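Colleague: Heads up: the protein sequence lines correspond to chains A and B, in order.
Just so we're aligned, residue 117 is where the first sequence starts under my numbering, counting upward by one.
Just so we're aligned, residue 3 is where the second sequence starts under my numbering, counting upward by one.
These are computed hints drawn from the structure, not numbers from a lab.
No false leads were slipped in.
Some, not all, of what chain A presents toward chain B, calculated at C-beta under 8 Å:
#, residue
1, I152
2, A155
3, A175
4, W267
Predicted model only: the values in this text are computed from it and were never measured.
Virtual Cβ for every residue (Gly too), placed ideally from N, Cα, C.
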Amino acid sequence: MTQRPPSRVIHPWPLRLMHWLNAIAIIILIGSGWEIYNASPFLPFSFPPLVTIGGWLGAAIAWHLAAIWLLMLNGLCYLTWGIASGHFRRKFFPLSPRAVIQEVIQALKLHLSHQTGVYNAVQRLLYLGVIILGILAVLSGLAVWKPVQLWFLSDLFGGFFISRVVHFLVMTGIVLFLAVHLILVALVPKVLPPMITGGRLPESATPSTPMAE
Amino acid sequence: MSPLMIDRRKLFTRALAFGAVSTLPGCNFDHPNHPDIADQVLSAMSRWNDEAQGLLFDRHTLAPTFPASAITRPARFNAFYDISQAPQVNPATWQLALTGRVGNKTPLTLANLRAMKQQSQITRFVCVEGWRVVGQWSGVPLGLLLKSINADLNARYVSFHCADGYFTSIDMASALQPQTIFALDFNGAPLTAPFGAPVRLRIPTKLGYKNPKSIVALNVTNSFPGGYWENQGYNWFGGS
Chain A
117 MTQRPPSRVI HPWPLRLMHW LNAIAIIILI GSGWEIYNAS PFLPFSFPPL VTIGGWLGAA
177 IAWHLAAIWL LMLNGLCYLT WGIASGHFRR KFFPLSPRAV IQEVIQALKL HLSHQTGVYN
237 AVQRLLYLGV IILGILAVLS GLAVWKPVQL WFLSDLFGGF FISRVVHFLV MTGIVLFLAV
297 HLILVALVPK VLPPMITGGR LPESATPSTP MAE
Chain B
3 MSPLMIDRRK LFTRALAFGA VSTLPGCNFD HPNHPDIADQ VLSAMSRWND EAQGLLFDRH
63 TLAPTFPASA ITRPARFNAF YDISQAPQVN PATWQLALTG RVGNKTPLTL ANLRAMKQQS
123 QITRFVCVEG WRVVGQWSGV PLGLLLKSIN ADLNARYVSF HCADGYFTSI DMASALQPQT
183 IFALDFNGAP LTAPFGAPVR LRIPTKLGYK NPKSIVALNV TNSFPGGYWE NQGYNWFGGS
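With the rest of the complex left out, here is chain A (with noise of 0.2 Å):
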């Protein structure tokens, strides 16, 4: 028997499946909420049609609500699964402000090198913070929703408007997050097909910082 160099996944399969079912929730969530807001914008611009799905408020609204179950559960079973895993505990922690400005400084510099399996403490930043947003989104969300059921959390807001306007400055991170993702994707391609196929590390590949385990 001939023995394969051991090696370990990049991401592990359900990573990878709730990655892509978060990516299908998410499109159809802020392209069916841009629709929504086009109904009664409170800025003083509509999104173009071509980016907005449903084609109108009442399809929007059924596009809206239905894909939040999706990004519900998927985000329930995300962060169930990230805690029992340890995955957070590894991926995103420690997380250290001075890293942080090291690395944003380094990385406008150009000299942000990227490490495969490992997230240095901007992508921990980020991602973390992402996690945040998309647990405010769905908060600011319901709050909008049952304003009258849900009045404490509508109050935790400050009120009906002002949890609309969470809302959608809580999107606006989103898709600001969603802008660098996909430009870090396009810069290093090479992490694309990992998230498809999962893809294999060298074990002997040492991270740059202790795992925690």
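Assemble chain B onto chain A, guided by the hints.
Modeller: Positioned in the frame of chain A, the structure of chain B alone reads:
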């Protein structure tokens, strides 16, 4: 005048145009009578959302109330037609037809409603489009009215038909919520035609399209009655 109507017409024109040219025909409820698979999935999810909202609904949770200073002036007109098209109903001859699971089917007159206990509220009216206004409405609590006509309070739905052809329906739990009223007055005076004279439903726990105006018939039933907008794709429960 409200820009709403134009917006809505535009949305519909767009929906029709979209349906005609789109490479994804039907993913938008553009042909309610010919649903494709996307429409069927969205409809199923919308019914699921009705169930979820029914479970979330608590009859004892009250919609927020506001001081008189918060009342939106001038009041905002909204309908699926222009303000000049608002139905003119003669209050002297108006009657409320009562059908379905109702013990006493004698039609009610305005005098009958005026003679009943009235309740006043300053509440927020939230449109499905996202805008909101505050107004004062007063009238007969729907729960009281239903009891007075000996309606089956265990029935599932109460539906309403309007002088302008509009119709909608609500779940019984929401009908019995204490702030759900058959409004006769708006901002201190009897309702005017654009705002639903002589009687409209005011239900601050639901979105605007669940607040039918110029009601001429009330039906208590166990078979799903749907509604004007709901049959075109808006969520039926429409709760806030």
